[in-house]
Amino acid sequence: MIIIKPASVTASTLTSSNVAETDYPNWAAGTYVVGDRVIYDHRIWEVVAASTTDVPDAGAAAVPATWLFVSATNRYKMFDISVGSGTVNSGSINITITPATVANAVVLFDVDGSSAQLIVRDSGSTIVYDETVSLADYSGLNSYFNYYFLPIVETGATELAFIDIPNYSGASFQLIIDAGAGDASCGELIIGQKSNLAVTNFGTSVGIKDYSVKNIDDFGNITITTRAYSKRADYDVTVETAQVGQFNKFLASIRSTPVVYIGDPDRSETIVLGYYRDFSVVLSNPSISECSLSVEGLT
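So the sequence shown is numbered by my numbering: it starts at 1486 and just counts up by one.
Incorrect hints may have been included.
[What the hints assert, rightly or not] Distance ranges between label pairs, derived from CB positions:
1. Gln1678 to Pro1549: 41 to 47 Å
2. Thr1516 to Pro1651: 33 to 39 Å
3. Ile1707 to Val1767: 28 to 34 Å
4. Thr1742 to Ile1709: 29 to 35 Å
5. Thr1711 to Glu1506: 36 to 42 Å
6. Phe1687 to Asp1615: 45 to 51 Å
7. Gly1730 to Pro1549: 31 to 37 Å
[Stated by the list, open to error] Okay, derived cross-link-like pairs now, PhoX-like style, lysine-lysine, Cα gap no bigger than 20 Å in a straight line:
8. Lys1679 to Lys1734
9. Lys1490 to Lys1679
10. Lys1490 to Lys1734
Just so you know, these hints were derived from the structure itself, not from any lab. In this text the structure is predicted, and so the values were computed from the model without any measurement. C-beta: ideal position from N, C-alpha, C; glycine also.
Kindly produce the complete structure, drawing on both the sequences and the hints.
Here it is, written out as structure tokens:
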């Protein structure tokens, strides 16, 4: 099992992006009326008072509030630690991140396009890592009938992990999601340092929790309101008995922190961004111990 604690992506570490930040006008000193929306500190805010001259973040903290935080801007949605809200751009997403700390893993959630390329350059701009992954889904072409008659899903939102990146201080990470003539999108990008603390076993179960609402009226008619969903995973893992103490301390240190859990990087269904609900370790024998870890994904 690989666990990745996210490094913060801010205006100082996002060194370039081809995604325009033009969702709304930038905030400027003046008077705003109810319903007005602006961009302030790369976030979208809406006026909820009759009128205000407050700075948005100060107005949001006021009693009563004069501003309401809505979301990150389209450029920064892929860094807001929320899988359901993502960055979308016509043709491609091309960004460069220079993290403040050493990072050796990048994970993409709900990435959609034709291909995703990650290029890592050291502090001297020499390329030390370059990998391109096709996002076309051919998993359904498992028979002659499906090959000729099943529509090929050229793009499909999925999870993707780059976890074999060498460690370089001051490195820059360029991500290019190419969608051709379509829209490229990324629900969330996590960059950070990986920790490989256990071995994931078969017996791990995965699924989703749907927050959609189904209502049935007196005549039996069903109305469905589609809402977000989150992934779930119950990992069955093995830990070296000598490392159980370290494993416990590490999990305790991230108990209130959203992190990436990777059961198997080649099985996207086992890649979850979220919190663990609980875990238990059975000291099976002096060599290895068994652990169950339940993770609740973010929407």
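Name the hints, by number, that the structure is in violation of. Of the numbered hints, 2, 3, 5, 6, 7 do not hold.
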